[in-house]
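Asks: Chain by chain, the residues run as shown.
2 protein chains.
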Amino acid sequence: MSKAISIFDTTLRDGTQGEGISLSADDKLKIAQKLDYLGVHYIEGGIPGSNSKDIEFFKRVQTLGLSAKITAFGSTRRKDSAAHTDANLQRIIESGAAAATLVGKSWDFHVHTALQTSLEENLAMIYDSVAFLKQSGLEVIFDAEHFFDGYKHNPEYAVSVMQKAAEAGADWLVMCDTNGGTMPHEVHGIITALSSNLTNVQLGIHTHNDCELAVANTLSAIQAGARQVQGTMNGYGERCGNANLCSVIPNLQLKLGFECLEEKALAQLSNVARYVSEVANVNMPVNQPYVGSAAFAHKGGIHVSAILRDSRTYEHIQPELVGNKQRVLVSDLAGQSNIVSKAQEMGIDFDATSPPAREVIDKIKNLEHQGYQFEGADASLELLIREANGQVRELFTFESFKILVEKTAGRSVVSEAFVKINIAGTSLYTAAEGNGPVNALDNALRKTLVQHFPSLKDMHLSDYKVRVLDEKDATAAKVRVLIESKNYEDSWSTVGVSENVIEASWEALVDSFRYALLEASPDEQILTPSIANPGLHNH
Amino acid sequence: MSKAISIFDTTLRDGTQGEGISLSADDKLKIAQKLDYLGVHYIEGGIPGSNSKDIEFFKRVQTLGLSAKITAFGSTRRKDSAAHTDANLQRIIESGAAAATLVGKSWDFHVHTALQTSLEENLAMIYDSVAFLKQSGLEVIFDAEHFFDGYKHNPEYAVSVMQKAAEAGADWLVMCDTNGGTMPHEVHGIITALSSNLTNVQLGIHTHNDCELAVANTLSAIQAGARQVQGTMNGYGERCGNANLCSVIPNLQLKLGFECLEEKALAQLSNVARYVSEVANVNMPVNQPYVGSAAFAHKGGIHVSAILRDSRTYEHIQPELVGNKQRVLVSDLAGQSNIVSKAQEMGIDFDATSPPAREVIDKIKNLEHQGYQFEGADASLELLIREANGQVRELFTFESFKILVEKTAGRSVVSEAFVKINIAGTSLYTAAEGNGPVNALDNALRKTLVQHFPSLKDMHLSDYKVRVLDEKDATAAKVRVLIESKNYEDSWSTVGVSENVIEASWEALVDSFRYALLEASPDEQILTPSIANPGLHNH
Numbered sequence: 001m002s003k004a005i006s007i008f009d010t011t012l013r014d015g016t017q018g019e020g021i022s023l024s025a026d027d028k029l030k031i032a033q034k035l036d037y038l039g040v041h042y043i044e045g046g047i048p049g050s051n052s053k054d055i056e057f058f059k060r061v062q063t064l065g066l067s068a069k070i071t072a073f074g075s076t077r078r079k080d081s082a083a084h085t086d087a088n089l090q091r092i093i094e095s096g097a098a099a100a101t102l103v104g105k106s107w108d109f110h111v112h113t114a115l116q117t118s119l120e121e122n123l124a125m126i127y128d129s130v131a132f133l134k135q136s137g138l139e140v141i142f143d144a145e146h147f148f149d150g151y152k153h154n155p156e157y158a159v160s161v162m163q164k165a166a167e168a169g170a171d172w173l174v175m176c177d178t179n180g181g182t183m184p185h186e187v188h189g190i191i192t193a194l195s196s197n198l199t200n201v202q203l204g205i206h207t208h209n210d211c212e213l214a215v216a217n218t219l220s221a222i223q224a225g226a227r228q229v230q231g232t233m234n235g236y237g238e239r240c241g242n243a244n245l246c247s248v249i250p251n252l253q254l255k256l257g258f259e260c261l262e263e264k265a266l267a268q269l270s271n272v273a274r275y276v277s278e279v280a281n282v283n284m285p286v287n288q289p290y291v292g293s294a295a296f297a298h299k300g301g302i303h304v305s306a307i308l309r310d311s312r313t314y315e316h317i318q319p320e321l322v323g324n325k326q327r328v329l330v331s332d333l334a335g336q337s338n339i340v341s342k343a344q345e346m347g348i349d350f351d352a353t354s355p356p357a358r359e360v361i362d363k364i365k366n367l368e369h370q371g372y373q374f375e376g377a378d379a380s381l382e383l384l385i386r387e388a389n390g391q392v393r394e395l396f397t398f399e400s401f402k403i404l405v406e407k408t409a410g411r412s413v414v415s416e417a418f419v420k421i422n423i424a425g426t427s428l429y430t431a432a433e434g435n436g437p438v439n440a441l442d443n444a445l446r447k448t449l450v451q452h453f454p455s456l457k458d459m460h461l462s463d464y465k466v467r468v469l470d471e472k473d474a475t476a477a478k479v480r481v482l483i484e485s486k487n488y489e490d491s492w493s494t495v496g497v498s499e500n501v502i503e504a505s506w507e508a509l510v511d512s513f514r515y516a517l518l519e520a521s522p523d524e525q526i527l528t529p530s531i532a533n534p535g536l537h538n539h
Numbered sequence: 001m002s003k004a005i006s007i008f009d010t011t012l013r014d015g016t017q018g019e020g021i022s023l024s025a026d027d028k029l030k031i032a033q034k035l036d037y038l039g040v041h042y043i044e045g046g047i048p049g050s051n052s053k054d055i056e057f058f059k060r061v062q063t064l065g066l067s068a069k070i071t072a073f074g075s076t077r078r079k080d081s082a083a084h085t086d087a088n089l090q091r092i093i094e095s096g097a098a099a100a101t102l103v104g105k106s107w108d109f110h111v112h113t114a115l116q117t118s119l120e121e122n123l124a125m126i127y128d129s130v131a132f133l134k135q136s137g138l139e140v141i142f143d144a145e146h147f148f149d150g151y152k153h154n155p156e157y158a159v160s161v162m163q164k165a166a167e168a169g170a171d172w173l174v175m176c177d178t179n180g181g182t183m184p185h186e187v188h189g190i191i192t193a194l195s196s197n198l199t200n201v202q203l204g205i206h207t208h209n210d211c212e213l214a215v216a217n218t219l220s221a222i223q224a225g226a227r228q229v230q231g232t233m234n235g236y237g238e239r240c241g242n243a244n245l246c247s248v249i250p251n252l253q254l255k256l257g258f259e260c261l262e263e264k265a266l267a268q269l270s271n272v273a274r275y276v277s278e279v280a281n282v283n284m285p286v287n288q289p290y291v292g293s294a295a296f297a298h299k300g301g302i303h304v305s306a307i308l309r310d311s312r313t314y315e316h317i318q319p320e321l322v323g324n325k326q327r328v329l330v331s332d333l334a335g336q337s338n339i340v341s342k343a344q345e346m347g348i349d350f351d352a353t354s355p356p357a358r359e360v361i362d363k364i365k366n367l368e369h370q371g372y373q374f375e376g377a378d379a380s381l382e383l384l385i386r387e388a389n390g391q392v393r394e395l396f397t398f399e400s401f402k403i404l405v406e407k408t409a410g411r412s413v414v415s416e417a418f419v420k421i422n423i424a425g426t427s428l429y430t431a432a433e434g435n436g437p438v439n440a441l442d443n444a445l446r447k448t449l450v451q452h453f454p455s456l457k458d459m460h461l462s463d464y465k466v467r468v469l470d471e472k473d474a475t476a477a478k479v480r481v482l483i484e485s486k487n488y489e490d491s492w493s494t495v496g497v498s499e500n501v502i503e504a505s506w507e508a509l510v511d512s513f514r515y516a517l518l519e520a521s522p523d524e525q526i527l528t529p530s531i532a533n534p535g536l537h538n539h
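These protein sequences, in sequence, are chains Z and R.
Mapping to the UniProt record's numbering: the first sequence position 373 is 373, numbers consecutive.
Mapping to the UniProt record's numbering: the second sequence position 461 is 461, numbers consecutive.
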């Protein structure tokens, strides 16, 4: 039997059913590109019949030239109607996706309770829908919902559902543990029994993590003969999530000898997993298997000394195989190699032993020690590297800021910011109000800068995160602020750290504007002699 | 074969090896009480040979009268020495624990590389240490480190290690997958093979989650004949964590028919899991299986309508069996029953249909809709319920506050707060500095209040968390602040929400002081006629 496994990613569809996961069409396109780069075989983009965001995704993804097959999700036709008049099936075809994931019922209880139709009509719904999509030229992946529960209650019917989909020409028959309640030995037993009833079909597996067994159930299914895995990055998905591809793939490839991704792509798994968590705006748990920052971190004293003798003593794989790294220290210092490779990405040839390289590496280590974190703040990191290379021309300098927040019983809180910066030798003093102190600071700084650098008009803050670093120290603890900014073309992230939330926010804000100005025309300010709020100037 | 499973909790030992998990002796004692209430059979408290915090735990836990056996962790004696002179073994005995968890090597590679001794000496270390602890009257649980890796490389030696521990009288032989790299089918195969070489021993299983298979491997081991499970609450532990008891226990009991806990105790699992995450100061992932707040939350439209017809359609168990609840709405409104039961805890008989009950339920729903969250803010919730019952006597009222944050290039940032409150008809105006604006506010409010209510002297803030609620709205988004406060006896949590981080912090701060004053003597302020900062008063 072949060792090749087809990887079907449903982060953009089932993943977004998870609580707190919401992706715009832009976010989905960004993630699709990364998944394609990783080499997954199918990318399920969404439900074209459900909303305009998904329709936009399917339209725009066609222009990206991806290698992965794009697949659109939908249900079998409605009961007692024809497939070719079904609006949802029509939308799948119109989406332009090369493949359709068609979900149908395989548990008799659901046919009666949820669909409220007969077992025969459900079989007809499946046959008609698969056949119609096949006639329309699509590859069809048939997802049998609640297959394992269905098989346990009425094995004959569950098997007949699969047979019907196969007869109609489905390319893949996927067994879904929709409620996530099946045990690994049951998965193995049921698939083995099903296989004896079906020939010449390709089987797939789709599991949920309600019993913390989604990965184990997926492995069980593959060991029983399934050859497609449906799952999501970081295990996002409805309720407790789907099978986590970031664990399934290395288990299959490194432990069980199956082929999922190219070796080189597997070494990007941690990067892609972190990227997806950033775009989804969900913190990645430090202890996430394989790709989490603590997955190869050694804290115990005995462990550390043994690890230093031979890393096989306490590591089940080489972390580099999945793009992760060993950490034996308490502190989480960025490796030199990371910084050098980041510089290379920016087109700077950075010899790790040169004085500017040493300087910036020491500076970054020192900043990380203070609580800065550059994994989510690429623009701040780029500014540090360019600074060390003499590539940053400061177009404004900071002189001072003041924040006033005032609240009187029965009235709304008032927040004001007063910012003084220097542009080309002139002190400029501006005041602004805001919804809160940081918003007021942003408004004040922006007000002055836009007058001098009109390209900044298109820029706005798109994300703001606050993390208390040592929460046990209560209100005197350090705070880390991450800001994401956008213009029409680009987005970038910056970081600030301080015991003072206002100062940390200011740092991240200033870095964001400095980064935006890296590309500004040197003469831009000359084009805008008019100056805002002349009354507030302080020459 | 018996269906009874012995539950061995190592949250207090292996759990604290996890990154970001740090427990004081007080924290450990609180968690031990909850675990005992749940009915776990063993509580591993720590390593008495390692630090004074653990020694304090073992001393104080004896006064609590717990039913669970307390066990102390340590390694086999040092090579080439005697067990009775071994300082670590001595400390285990001195700890007063009823049981010892003794870890020994079972992988030949580790004996050579980490211990740097002979295979024979390692067997002697195991035999001598087990025998010495048994002679000292302790129950001995032998943890065979890296058992599965050891068995794969040298099965004869791994088996001889187990035989040696059994000969010396060990009560349990526990197979540890220390690096977490073993697959479920390997666990089953190796245990089946081992069992054929051992008779009359009780086997246990200790797994790690490096492949996201710790729960599956534990189930495999039990299905192969093991009868003790070592794991942690919420799966805390070194690197990717240990087997998560919050998933293992319901899987064994509700899915596979084993007996772990009393049914009534199992229905407290979600509460205890959340309590442990609060004490450990780690956010519980919403999608955590069985006990997470999204474990039975339904977002998909089709799912919700089916769930309303019959909850078995999309739920693998009744959530109440593990003390969790179904959530079918988009919003996360506190159920009436929660509020009524919370009131009962406070000794208030709250008929859900009475006008004050209706009023407080509506108010809480409204606040949750605005972003408040009371699961982590019990004191704010108690204040709302007592208010509705006319049980809150306000000892001070808010008049106004001002915050000034000032930063000039090259100088440190300065934060000042000006707070005006009214106590018994007198306006009191105070100023204070702080490390940041919230710290300044805390200092100013505290300065005035302590003068009038000296019992507040013992109170301090112990935790401060900031969460941006809709991060996509950047700096104009809402912010939720959670504050935990402590005095010598008690700790309590309060919440504030606003678009303005300062206002949200102020709300949570004020609630914290109001809660502290609930118990204050009504005449306390008369005892303290002296008034702080007379110059700042505003009569």
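Keep in mind the hints are simulated off the structure, nothing from the lab.
It is possible that part of the hints are untrue.
[Stated by the list, open to error] Computed list of lysine-lysine pairs in PhoX-like fashion (alpha-carbon distance at most 25 Å, straight line):
hint	chain 1	residue 1	chain 2	residue 2
1	Z	K402	R	K152
2	R	K447	Z	K3
3	R	K402	R	K342
4	R	K402	R	K363
5	Z	K255	R	K420
6	R	K420	Z	K152
7	R	K478	Z	K486
8	R	K3	R	K420
9	Z	K478	R	K255
10	Z	K402	R	K420
[As the list claims (entries may be wrong)] The following residues of chain R were derived to be distant from chain Z, with all beta-carbon distances above 10 Å:
hint	residue
11	G169
12	H185
13	G189
14	A193
15	E212
16	N251
17	S293
18	F398
19	I403
20	R467
21	Y488
Computed from a predicted model, the values in this text were never measured in an experiment.
Backbone N, C-alpha and C define an ideal beta-carbon position, used for all residues, glycine too.
Asks: All the hints need checking, so say for each whether the structure fits it.
Replies: Now for the hints, and whether the structure bears them out:
Simply put, Z/K402 and R/K152 have alpha-carbon atoms about 66 Å apart, too far for the 25 Å limit, and the pair is violated. Between R/K447 and Z/K3, the direct Cα distance comes to roughly 71 Å. Violation of the 25 Å bound is thereby established for this hinted pair. A threshold of 25 Å between alpha carbons decides the hint, and for R/K402 with R/K342 the separation of about 36 Å lies outside it, so the pair is violated. Between R/K402 and R/K363 the alpha-carbon distance is near 28 Å, which puts this suggested pair outside the 25 Å criterion.
About 66 Å separates the Cα atoms of Z/K255 and R/K420, which puts this hinted pair outside 25 Å; it is violated. Of the supplied pair hints, the one linking R/K420 and Z/K152 is violated, its CA atoms being roughly 68 Å apart against a limit of 25 Å. Distance hint between R/K478 and Z/K486 is fulfilled; the C-alpha atoms sit about 20 Å from each other, no more than 25 Å. A threshold of 25 Å between alpha carbons decides the hint, and for R/K3 with R/K420 the separation of about 65 Å lies outside it, so the pair is violated.
Between Z/K478 and R/K255, the direct Cα distance comes to roughly 46 Å. Violation of the 25 Å bound is thereby established for this hinted pair. With a C-alpha separation of about 21 Å, the suggested pairing of Z/K402 with R/K420 holds against the 25 Å cut-off. In this structure R/G169 is separated from chain Z by more than 10 Å, as the shortest Cβ-Cβ distance comes to about 25 Å. Remark: the non-interface label on R/H185 conflicts with the geometry, its nearest Cβ contact in chain Z lying 7 Å away (cut-off 10 Å).
At roughly 13 Å from the closest C-beta of chain Z, the C-beta of R/G189 stays outside 10 Å, upholding its exclusion from the interface. At roughly 18 Å from the closest C-beta of chain Z, the C-beta of R/A193 stays outside 10 Å, upholding its exclusion from the interface. At roughly 4 Å from the closest C-beta of chain Z, the C-beta of R/E212 falls inside 10 Å, breaking its exclusion from the interface. Here R/N251 does not stay apart from chain Z, with its beta-carbon only about 5 Å from theirs, under the 10 Å limit.
Some Cβ of chain Z comes within 10 Å of the Cβ of R/S293; the nearest lies about 8 Å off, and the non-interface call is violated. At roughly 5 Å, the least C-beta separation between R/F398 and chain Z is not larger than 10 Å, which violates its mark as non-interface. Its closest Cβ contact with chain Z, about 4 Å, brings R/I403 to no more than 10 Å, contrary to its assignment away from the interface. With a cut of 10 Å on Cβ distances, R/R467 falls inside the contact zone with chain Z, its closest approach being about 8 Å.
With a cut of 10 Å on Cβ distances, R/Y488 stays outside the contact zone with chain Z, its closest approach being about 17 Å.
Violated hints, in rising order: 1, 2, 3, 4, 5, 6, 8, 9, 12, 15, 16, 17, 18, 19 and 20; the structure is consistent with all others.
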